[in-house]
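Asks: Residues per chain, in single letters:
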Amino acid sequence: MANGLRAVIDVDGLDEVITRLRVQGFSTIGPTCRDGAIVYDEIEATGELPRGWADDQDAGTYRLVRRDDEALFGYAVGPHSWKQYLHPPGELLFEVRRDGGGFVIEERPEPKSRYAFIGVRACELAAIGVQDRVLVESEHPAGGYSVRRGEAFLLAVDCGEPGGSCFCVSMGTGPGVSSGFDLALTELMSGEHRFLVRVGSDAGAAVLGEVASREATGEDLAEARRVVEMAGARMGRHLDTDGLPVLLAENLEHPRWDDVARRCLTCTNCTLVCPTCFCSTVEDLTTLDGQRAQRWQRWDSCFTLGFSELHGSPVRHSTRGRYRQWLTHKLGTWWEQFGESGCVGCGRCITWCPVGIDMTAEVAALRRPGVDASANPEEVR
Amino acid sequence: MVPTRYRVATKRQELTDTWTLGLEPVDEPLEPWSPGQFNMLWAFGVGEVAISISGSEDDTLLHTVRRVGAGTEAVCALAEGEMLGLRGPFGSRWRTVEARGKDVVILAGGIGLAPLRPAIRQLLLDRGSYGRISILVGARHPEDLLFVEEMSRWAESPGVDVEITVDTASSGWSGHVGVVTSLMDRVEIDGSSVHGFACGPEVMMRFAAKALTDRGVAPTAIDVSLERNMKCAIAQCGHCQLGPTFVCRDGPVLDYATAQPLMMVRER
Amino acid sequence: MKHKSIRELLAEQPFFHDLRDSDLDLLAGCGENAHFRAGETIFGTGEPADYFYLIRTGRVSLDIHAPGRADIVISTLGPDEVLGASWLIPPYHWNFDAIAREETGAIRLDATCLRGKCEDDPALGYRLMKSFAQVIVDRLQRVRLQLLDVYGTPAARANG
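Protein chains in written order, with my numbering: chain L, 233 to 613; chain P, 435 to 702; chain B, 15 to 174.
Honestly, I wouldn't trust all of these hints.
Unchecked claim - Some chain B residues judged to face chain P by a derived CB distance under 10 Å, without partners named:
1) Ala-52
2) Arg-83
3) Ser-89
4) Thr-90
5) Asp-94
6) Glu-116
7) Gln-148
8) Asp-152
9) Gln-160
Unchecked claim - Calculated from the model, a selection of chain L residues having no Cβ within reach of chain P, i.e. all distances over 12 Å:
10) Gly-408
11) Gly-412
12) Ala-444
13) Arg-446
14) Ala-448
15) Ala-454
16) Leu-497
17) Gly-588
18) Pro-601
Calculated from the structure, these hints are not laboratory results.
Glycine is no exception: its CB is placed at the ideal position from the N, C-alpha and C atoms.
Using the sequences provided together with the hints, build the complete structure.
Replies: Here's what the structure looks like:
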């Protein structure tokens with residue numbers, strides 16, 4: 233086992249890594265610029281990576297900006313996360329056809345792809361782990377997810393450029409990658425543009441073995457440490473997690489929920505961009521002749537009115553109830569359910585909220601004793 | 435998430451809007467079940483509904499279904515011989531084993547008697563293990579009472595009281611009129627040695643649990659069965675969450691000490 | 015078997031547990047045994063509420079009748095329950111019919127006599143009112159629960 237092996241490759245070496253993965257039959261998925269954002273899509277070479285781009289992020293704000301270097305991974309995270317490949321927005325569960333008075337359940341199609349994910353951040357590795365706890369480490373492992381997850385090759389990258397919404401340090405998930413990868417890179421820009429590569433699995437070692445590399449020097453290792461240290465010191469945000477589950481459980485009637493409910497549009501953006509949100513619903517489709525039916529699993533969000541529907545009306549009918557459910561689950565009850573936080577500190581929910589609701593600010597407000605949030609006369613209706 | 439095929443072997447209309455379907459396996463049967471657990475019933479092309487198991491006969495599983503929406507309507511429309519998909523059994527069971535050696539008080543409201551029926555059958559089969567058994571049943575009207583013949587058989591067992599009440603009745607009804615909790619006044623119990631089971635609409639269960647705790651029954655010795663929106667039944671879709679609880683996996687049967695704080699918070 | 019005195023029977027009633035021995039002595043003077051056959055009307059709507067009852071055995075229904083629809087049973091009462099509160103409040107008339115649904119035994123307390131004793135002894139009146147208030151609040155809560163119609167068909171229809 234070559235785990236822990238450190239080597240250095242250049243950009244051509246990374247291209248070679250991608251090629252080797254494709255030769256092995258992986259769909260190589262990585263970051264690329266599209267529609268003014270860095271999104272994940274199938275890529276074949278480093279030329280498709282967001283070379284020289286960074287992302288300027290804040291609550292409700294996302295802009296691509298030019299870097300003054302040619303870094304391939306010089307951004308934080310975009311709106312996409314790997315869950316759209318592992319736990320896709322729509323997944324066929326089974327198909328059925330009529331057969332006389334009954335029906336026959338047909339075998340599910342095999343999951344389409346073996347994925348190799350290029351450029352997985354530490355927060356995203358943590359998020360994949362969080363979804364594993366829900367969907368794999370269960371009495372009834374989710375079939376499709378488990379297969380795709382088991383076959384996925386994870387090429388992680390230490391974060392050197394945290395965004396304005398990031399708080400992975402608060403959540404203990406980043407910015408450096410520590411485990412759970414096949415290969416991990418640290419992009420080094422001083423001097424020669426190169427990558428320190430760490431091996432995390434036999435599969436990773438096998439790929440690296442086929443690529444031209446050199447041994448890492450003490451200088452490479454020191455610079456990699458510095459990159460991660462500097463990133464850790466430049467977090468855009470901070471979340472005080474001390475006693476958080478208890479704080480939330482004890483403040484279910486805090487006036488702040490009314491305050492945030494006046495801003496929240498229940499648009500579901502935060503749950504869609506969140507790399508750990510796993511909620512889904514099911515949808516039945518039938519052909520017009522009624523002979524065939526399909527059952528699909530689709531992403532759902534606790535912000536929709538129908539999510540908690542019981543006997544024709546929702547349990548959580550107000551925005552207040554739905555925002556409270558999301559936040560108390562993500563940061564609180566998740567601990568009781570899965571022994572960890574449901575938040576990895578990636579900041580997507582803050583950036584992609586159209587009205588800029590910032591969960592770190594909401595938690596800070598909940599820490600203040602409950603004063604009437606409507607005290608601001610301008611907000612009184 | 436792929437169901438197992440079952441066929442409607444028997445269908446019995448219980449009430450104007452409620453049927454009991456006896457389902458027999460077409461392929462390999464599902465795993466053995468316990469009273470309190472539920473199955474997901476899938477009607478071809480329409481959808482899946484969570485329905486408690488209301489009894490069984492050999493390999494035939496009984497589900498008593500009230501027609502309240504598109505899913506249950508499709509299930510209730512199935513004729514004998516027709517096929518449906520089943521997944522299960524899911525969820526927690528009534529703590530009948532833990533109640534051994536105690537008196538038992540059962541409060542059932544409306545369709546809530548259906549999930550309790552297999553528990554009651556189990557108690558009566560193991561009659562010697564329990565003290566007095568009081569079965570208190572409420573319904574909206576006399577014509578909404580489930581399992582009337584079976585209830586009169588239960589009442590014939592030694593040491594078993596069956597008391598029935600309805601919320602409103604015309605004067606032709608000679609039984610009790612009043613909410614099901616009012617029947618508690620008719621039960622002589624020593625709260626410290628009672629196990630309570632309650633099933634019905636959530637408001638009714640809250641009052642049922644209060645009636646029991648008022649009589650000295652510990653919240654930890656009361657079982658209630660909760661209902662929430664369920665899609666996957668395996669704690670992966672998120673719909674049935676109630677605080678930290680996945681009602682599909684940790685429930686539907688919860689002890690009242692656990693359930694009470696969850697039930698008391700609006701929109702939880 | 016010796017017949018119990020009204021005083022002894024009153025002392026057995028849970029409803030009177032908070033009253034003093036001296037109160038029960040006074041009340042016993044206003045009480046008498048009453049028996050009703052199944053189907054017998056105990057009191058009728060609009061009649062003067064000159065009594066209230068403590069049911070010892072049997073079952074009584076409170077009914078309301080309206081033209082064009084069957085008589086409606088509002089509630090039924092059984093052993094150890096109090097029948098009748100209208101004697102407390104002017105104009106002292108019954109608002110429902112009380113019908114024995116089974117052979118019913120009760121203690122009938124003379125309300126005119128009681129009202130007099132309560133006026134003479136406000137402390138007794140207060141203790142008696144407290145006992146009644148508990149029963150009335152309890153009944154009110156039950157009626158609210160009945161009003162919720164918890165077993166009714168959900169108005170909106172959806173997936174369920």
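Asks: Determine for every hint whether it applies to the structure shown.
Replies: Here is how each hint holds up against the structure:
no.: 1; hint: Ala-52; in the structure: holds (9 Å)
no.: 2; hint: Arg-83; in the structure: holds (8 Å)
no.: 3; hint: Ser-89; in the structure: holds (5 Å)
no.: 4; hint: Thr-90; in the structure: holds (5 Å)
no.: 5; hint: Asp-94; in the structure: holds (7 Å)
no.: 6; hint: Glu-116; in the structure: holds (8 Å)
no.: 7; hint: Gln-148; in the structure: violated (12 Å)
no.: 8; hint: Asp-152; in the structure: holds (9 Å)
no.: 9; hint: Gln-160; in the structure: holds (5 Å)
no.: 10; hint: Gly-408; in the structure: holds (31 Å)
no.: 11; hint: Gly-412; in the structure: holds (21 Å)
no.: 12; hint: Ala-444; in the structure: holds (44 Å)
no.: 13; hint: Arg-446; in the structure: holds (45 Å)
no.: 14; hint: Ala-448; in the structure: holds (41 Å)
no.: 15; hint: Ala-454; in the structure: holds (44 Å)
no.: 16; hint: Leu-497; in the structure: holds (18 Å)
no.: 17; hint: Gly-588; in the structure: holds (24 Å)
no.: 18; hint: Pro-601; in the structure: holds (20 Å)
Checked against the numbered hints given earlier, the structure breaks only hint 7 and satisfies all the rest.
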